[in-house]
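Engineer: From the two separate chains plus the hints, produce the assembled complex.
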Amino acid sequence: MQTFACTEKYDVIVVGGGHAGCEAAAAAARLGSKVLLLSLQIDGLAYMSCNPAMGGVAKGQIVREIDAMGGFSGLVTDAATIQFRMLNRSKGPAMWSPRAQCDMLLFSRLWRQWIDDIPNLDLRQDMVTGLWMENGRLCGVVTRTGLRIEGRAVVLTAGTFLNGKIHIGECSYAGGRMGDAAATGLTECLQSLGFASARLKTGTPVRIDGRTIDFSVLTPQPGDDHPAKFSFSDESRPVTEQLPCYLAYTDQAVHDILRTGFDKSPMYTGRIQGTGPRYCPSIEDKIVRFADKDRHQLFVEPMGRQTHEYYLNGFSSSLPEDVQCAALHRIKGFERAKIYRPGYAIEYDYFPPTQLKATLETKAVENLYFAGQVNGTTGYEEAAGQGLMAGINAHLKLQDAEPVVLDRSQAYIGVLIDDLITKGVDEPYRMFTSRAEYRILLRQDNADERLTPLAFRLGLVDGKRMRNLERKQHFVAEVDTFLRQTKIEPAEANPMLEACDTAVIAQKTTLESLLQRPQVDLDRLEEATPALRAFLETYQNENNYRAMREAVEIGIKYESYIRKEQENAERMGRYELVRLPEDMDYRAIGSISYEAREKLSKLRPMTIGQAARIPGVSPSDISVLLIRLQAASRENASK
Amino acid sequence: MKSDMTDSICATATPVGNGGISVIRLSGPRAVEIAEKVVRCRRGSLADLPSHRVKFVEFVAEATARGATAESEAASVTASVASAASVGASEASAPGASADAATAASDAASVAASVASAASVASVGASEASTPGASAVAAVAASDAASVASAASTAVGASEASVLGASATAATAVAAGASASGVMAEVLDEGVVTLFRAPHSYTGEDVVELSCHASPYIVRRLLSALTAAGARMAEPGEFTKRAFLNGRMDLSQAEAVADLIAAENKASHGLAWRQLRGGVSNEMAALRARLVEFASLVELELDFSEEDVEFADRSALRTLLDEIAARVAALRRSFATGLALKEGVPVVLIGRPNAGKSTLLNRLLHEEKALVSEIPGTTRDTIEDVWEWEGVRYRFIDTAGLRESADPLELAGMARTKEKMRRSRLWLYLFDASEMSAEAARAEASRWYRDVMGGGDAADGVSPSAPVGSPEIGSPELQILLVGNKCDKLAASSLANAVGGESGASDVTYLSASGNIDDSQGVAVADGVSEIAASGLKHTSVGLSGAAGGTLDLLYLSAKTGQGMDVLESRIKARCGLRLSENETILTNARHAEVLGRLAETLDRILSGLTANLSGDLLAQDIREALRYIGEITGEVHPDELLGTIFGRFCIGK
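The listed protein sequences correspond, in order, to chains A and B. Residues 1 to 639 (the numbering used here) are what the first sequence spells out, left to right. Residues 1 to 654 (the numbering used here) are what the second sequence spells out, left to right.
The hints are simulated quantities; they were obtained by calculation from the structure and are not laboratory data. Glycine residues also receive a C-beta, built at the ideal position from the N, C-alpha and C atoms. It is possible that part of the hints are untrue.
Straight line, CA to CA, 20 Å or less: simulated SDA-like cross-link-like pairs of lysine to any residue [said to hold, decoys possible]:
#, chain 1, residue 1, chain 2, residue 2
1, A, K564, B, E601
2, A, K564, B, S608
3, A, K564, B, K37
Computed footprint of chain B on chain A; a stretch qualifies when at least three of its residues, placed anywhere within it, have a C-beta under 8 Å from a C-beta of chain B [as the list claims (entries may be wrong)]:
#, region
4, 63 to 74
5, 85 to 91
6, 426 to 439
Same shape as in the complex, but just chain B (with noise of 0.2 Å):
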């Protein structure tokens, strides 16, 4: 990613589409300068406005350009408008643009941002720019961005095909322009500007803050003037970096940014917040304190062994190391909470082919996601998406069905299946009621946790034993959901039946076609199909609770009628809801999570050091070793290497 930091970059801040609003920001020392250009103030001059104030303007754009040189230029800020759009529709447009947006174009794709993601930014900018005097607009602006946001999640092709539409009359408007010759000043639009004076502004520079009507149109002729007297596109990420080398945040704050503007739900939102504000870094920097206390007793002890100091001891030293390792476990174990936070709880679907995963799927989803069949086998390949209760995402996660099988296609979608259920926090055990006791489904649900967790050779068959350093079942890592489906095609008599030769029905959880099971009672009618006892309705633990230690809940529904499909989803929520605590760090960042990893081990080799009564010279090699994990997280570490890949996840604007 090139940069200068001489330059003044300009770029949309919220999604272009006609919307209500758009924000163009303006960052770099030329800022100013180059925003009087497209503006004229009713009266004063925007290098009068103090910090933090918005002014009331006309945006005017001067046509001084000729011919050819206006097209390709219309051209080449229509393609970089177009990135800033969404990473799909700057893909599209690369084909027709200059060489200059193609870059722009394959840079924005390898960032992977989403069209989502680009709208989303509209929020942040807007909430940016709620300064006391822009409170009328932010509001506005937010508004807007979330219906933006929703109107470019649902149709990508369609704000694709305005901005490509723009172009054209955007290029008809210049070369008209021109034909008209000499220097003309048209006034595009009116508005308002905000100023944020360096360094009390996101990047640290002078930034200008242009909000117009949110016209692709205007936006593009507002760029192509801004571009035209000095500005040049920003790339993706390019404020933000701008940010930490102007030292306004580290790194694992500037990255938090970029989780900011994808978090796609209320929780995950509150996670990046939280980093943003330093959660992530202040642990590490709170840790690193501990650990070079640490190190500078060891090394006291190293440099002046001859003279009579008194050392720390040992075990005092061990307390502290103890104490830190536990806090980057929790950390990292707080890793897979965060993850599922931010890209929705993993649920697996899973069971024997045809037991009727797709359509519970499409039930869970309330949509046709999958292709249903009778034919077993019909799925071939994981499909998953994402259905969002009180503010927390599951992805649900459909799979090929588990069976023993020669077809080399299905047991690929197999170890696929295998893959997802082993990254999985639940899984939905689906079998055919009609067909199948729960005793019988629980033994397979077993068979299948010992298969895919690579270990435990309990005999029987029944009882799994967690394989060493698999997540045991009902704990936070890997719950598991009997899930008897096809209970439509059942008579009251034959489900009683079907639990098998326990307690029979006192085992079972099922629920009135209206759904009406009051959890705290305990108490399910049974509609027409069975009368189940009271007490055993609300939790049903089936005996799997063996030596791996947890419970499995049993619970039957059809997913064709959408009966018991309440209580499925209540059960789902209690044991996958994510609480997060106020103050708790949670880590979200993969790369943290990565050196994080690599710092467990090193603390590990420590621990083993003190143990074995290594010599200090050489625990101290590792101690620093840990320093430096530490720091390249909160970017104590000459952090070149990292820059390009962390402000590569951006999207323009930010």
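Excised from the complex, chain A in its bound form (with noise of 0.2 Å):
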């Protein structure tokens, strides 16, 4: 086919307009570079294909993390929310993970205005089918209509769209998502430059008309009384009027309609290759998998304020739309129920991401990156995360700048990206709290001190946003010397402690070790002591008020905890600061086992401390490699 070239000239061009693009197209442009965002559909970008929500846990983390970095995510999530939980308020501090639902049409509209108020930031819809390679180097990409456009790096973040598959009982048809098309070209043409591809496959529940569900019959879920944000920014504030969510609840009837579409279940008749997620099962998956379980919990989200639809969460399903209708209206409150599009099933492509290097450039060809679902994850968290950094680190390379690369007790976001490039992906990946082995460092409510510093030094946010973590920080610092220092008589505090349920005090004790209690919180502290009161309202018109007391308490009573878990991450630093030279030749070392040896000359891990994560590199391979290490740096010492 003739091509022809393109009049504007970029940077950075990213091809896919979803949550990683999104974020990538942000950061690169307000980092300076010339972006052109390309989407199949910019009246859709950052579209919420799966649940109308943002967050949970470990999810809720990353967001924070991102908005903490200087993303987008945070802010408009806080901008569309409907309803606003904490959740595992009841577990310590590093549980807590917030969750937003969202209006998902808002949510998309947002970030579209965001993008468009982006200066050096060009928004485009179009396909693109290729790459655009001069002798082995990246010049650009290639569109279905012939268009050539120069762009010295580009970020792919093409989701589930690319040789995209619908699956919906035995019917079945090419797409990228429900109402969209699928993209060809591009997957055979990476191939063509040496890269693996395979299949993974996840799925989505039926959506309802909201006026046809009895919500009467059902258990509303509230949001929080005191909702919280996502963001760290004084620019957006907590939602005011929230939606309920409600849930329901399937049984036998219900399973057994459902089983007599399984000999029509592309799952179950092998139309479908790719590999699910197996934590989160379609319907049909856990009747199979659960059969002892007499009914399953479902969630019932409002997808947006102006819209009637809702969102079965937890009814995932890819069997024909006549059983799903059928199952649907033996739910208790569904019994009317209308169906505004039914579950299904996708199949799509993705590039094992052991392809890639931790800055999420691929290591066969320089200036590509790859983020998001086309990695082998799934979540809107998880790819917002990738398509930060991804577009970070292609405009940090065209400025010949340090890469950016955050470690595994620095960000959940360093342990996704670690964990995708050193062990690769075998279902859908999805972040769990269990991943991180440094969880009390990665909480919610720190994600600003971790990160925020960094974003301001790359400029990434503005002044504004330091001050306030300055400003926070010196809160902390104020209020936990006053608490050390206070101390309380009992007849002060043992009415307090009685009431919370906790040993009463013989004499004068510090505050802070009433605090430390897991039965006493600030606010019981606060009521108890006027001196402490007193002390609090000096700073009760900040802006982040409360979720600076939160940091103060956090600190106070999981102290012990915190200083632990920092000094196993300094102890294991250590071993992530150990380079592995590039041109390590691992095969010649015998006295490793065969498998480290193809591993490792496989996925050339940079540092040991990547090296040691890799499954079938053992300890004492990696002592080999350590002993070896030694010795060359010994003889480049005596040379």
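Structural biologist: This is the structure in structure tokens:
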């Protein structure tokens, strides 16, 4: 086909306008690169193709990190929130996880608005069908119409669109998402450049008209009484008018109906080859794998303020539409439910992420970056986090600047990317807190402390954000000192302690030691101690007053755990600093296992720490590498 | 410890001395190639020899070096050989040796191996060599090793001398060869080589074992030839380190090898052997698997809190933890047993000055170990030595007498005595039966028990209460035997009186000079001194069975004449004899014990966290810590900081 050149030239071209692509384009452009964002559907940027919510356990922490790094996901979420909950409040602070139900149309519209407002960021609707390569060098992209667009770096964030295939019962057709076409050509182009690709599968449930749901028989699940928000910025406000979600349950009768469709299920008839996520199973999967459970919980989630559409979380299915419908009608409260769109499964191409460096640049093609679902992840948050880092690093590389790689003790985003490039994926990768070895350090409340100074140095957040952080740290230090130095009389404290159901005190005790008790919180302590009340009053007008109080409380209550984890991180951090030479010939090291030799040769880890995390590389293999490095450095020293 | 696995390393696997067979071990990628340069086969070549086969060969050395180089090379090899022979010897030879050898010697010294342990390498090496074709050699080597071992352990000076003496000869020989000029192959010896091809060898690399006649001269020339051919002298533990690095064994198995080499008696050998076969590792791996299971339940609960997942109930988790904690506690307790097996069951001799402790020690050890005099307080410091009965070693510790004193020297001695008492499993409380009643001795012993264990304020001064955390009297950790000494001074009648006001003679065990006692019947015939009633003879308990819950045995003897010694022996054996069941895992490694101690603390914290309803993410942190500790034992953590210390314990050649 005849190709023709586009007149505009770009520094960074982002292919795909989902959560990863939007963050990548915004970050690179705001850092100063001239950016083009190409999307198949520019009316649906950062579209919530699945559930209408951001955050959740571990994912909420990622959104907080994105915000602290200067990404937009947190701000957009806050502006589009229709219900906010801090999950896991009853657990330790590392588990507190913000989650927001969002108005999905507003969410997408806001992103579009923000993208449009960024200078040196162009938006264009087109399908990229190939990379423009010359002499093995990346020069830009080629679109379906033959347009050649010159770009020094390309970030691929194509989501589920690459050769996407939608399955509903026995029906299947090409599509990147319900209602959108699949993207073709790009996978084949990348394969010809030497990239390996494979198939994954994910699914989504039925969407229902809320006017046909009998909410009176469902259990409402309201938002928090004092909703918080995602962004550390002063510019966003917590949601004021919240909409409830609802709980519903399947039963045996529902399961029986679902089973009647198994012979037509694309999953069970083998028509879907891709691997689906174990932890986000379809309803038919749940029935099969947890056959002894007589019911499954479903969440009924509103999809926006201006729509009647509801999302039936937990009922993901690719069974034939009539079976889905019949089963739905057997669920209590859904007897008359009308379906807007049926549930479906989608299969798509991804590129095993072990083909990437820690900057998300591909090892095979310089200046080509992959982020989001093309790397085998699932979830808006995981995608956005990768997009942000790919955008930052694409820009930095063009500036010949040092890359930014977050480490595992610094951010969930660091854990995410390190896991991807080191271990690869064999099912869609979702973040869990248990994936982080320093979970207690990676809290939602301290994401700003962990990342904002870095973002400030890069130029992704302004001085105002830095001052906010400094004010918070100042407040924490002041209150902390006050609590450590101020003692309370038994007469003053004991009624409160009794009310909290904890042992009374016999002599004057510091406020700090009382706050360390699990049963005592800062609110109670403040009520019982006029001096503390007076002290805190001077700060009451601070913008993030509640969040700042929380930070003080967490610091005192969990001091010993935090300290221990910091020590561990420092101890293990040594291995992250030991760099492995890029030209190391692992196959020549006979004293490490065959499997380790193969894995190391293939993955080429950058540090000993990363090497140690590669499955199949044993501690004794690591010892051998360390000994070799020591010998090499001795040799160099003696030269 | 420097270690480059591309090298090929060599060392003698047997002690150097004039014995029967010496085994030189060569390991590394070039082992076969290097060995070929020092062997001459009647037919075929070493390279064609299949793995695990033996070949009869001539050992040859090429004398190509000349002049000063030859001298210095010989000297450095000599030094290395000497350090291989024994640490003591290498230290002695270090001053005269090259800088290289000095380093090796100081390395070796830090390892603190003993002459005897170097000797026992021989038996290890020999048993390794017992491949089908080599059984004859193995038998010879083994028997030989035993004789060398005994020789080496009794005559350190001699073996040292022979090594140094031989080095002079070597220098002369090399110099002579050099003066003849030109390349000259000299047949040194004939013997066999055994080939173990990678990865089916001890180190996982190609290994060649050369068995030659055990002349220090031949061994040294062969090592010299091997190093000239491209091998380098192995460092202590380097063979085992390579085995570890090549995945042939895990960390605790590697450590067991060190224990095996150091094993000096049957029981301790059995322990090390069991651990080598994976005893502690397996036990730990099983614990780890269960903890991982526990951890995953907690993690599940954390990450899926919003979803309708059913979680394991806390009481089931608690049960699992209790079980794990109990196993850890048992393993930790077994450490004391393991230590006793390894180092000898500690038996401390205590009592007033001049109660005859040193005399008894000498009697127990059948030699004049302690200085004996009539002057009370002659023994200022503790003296100890080991005696083996029926495969179990006892470490007898003579102490400075227990008495109130203002002499700083004596006080210091007493402090050491008390420390020894705390670490001993058996106290022999000696008293002069001609001066003191059993009742008084008992009171005194119980006073010292409280004093030493640092607690228990029993007002009566008789019935001691076990201070918190201290071993109770009569428990496996602490037995007390009251020993009335000097009964040769007593007439029969007064002996009976000496027993005190209670049921008298029936409480006393006393023996005939000929030592005839029939424990099973409880009958002893007192030879001309006293006839003691049959019933209480065998096992006398004096009223110390109070709050401490245990009992004290009482027996009479004369350390001077030897009367009653046989009963003392049988009492000691009965009270402290260690019995091991075949499948029991016994911890012998101090590092493991220390890690398990920390593990126990962590498990405690998890348990109290469960009780306090601690949030899962915090519990999980403690569980991860526990998993890390177990990993430190099985080597499933980054072990580079451990490696140096662990492999430093080895002697050369293994």
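Engineer: Does each hint fit the structure? Answer for all of them.
Structural biologist: Hint by hint, here is what the structure shows:
1. A/K564 with B/E601: The hint holds at about 15 Å.
2. A/K564 with B/S608: Status holds; Cα separation ~18 Å.
3. A/K564 with B/K37: 57 Å, violated
4. 63 to 74: violated (count 0)
5. 85 to 91: holds (count 4)
6. 426 to 439: That given contact holds, which follows from 5 residues of the region 426 to 439 of chain A lying within Cβ reach (below 8 Å) of chain B.
Hints 3 and 4, counting from the list given before, are not met by this structure.
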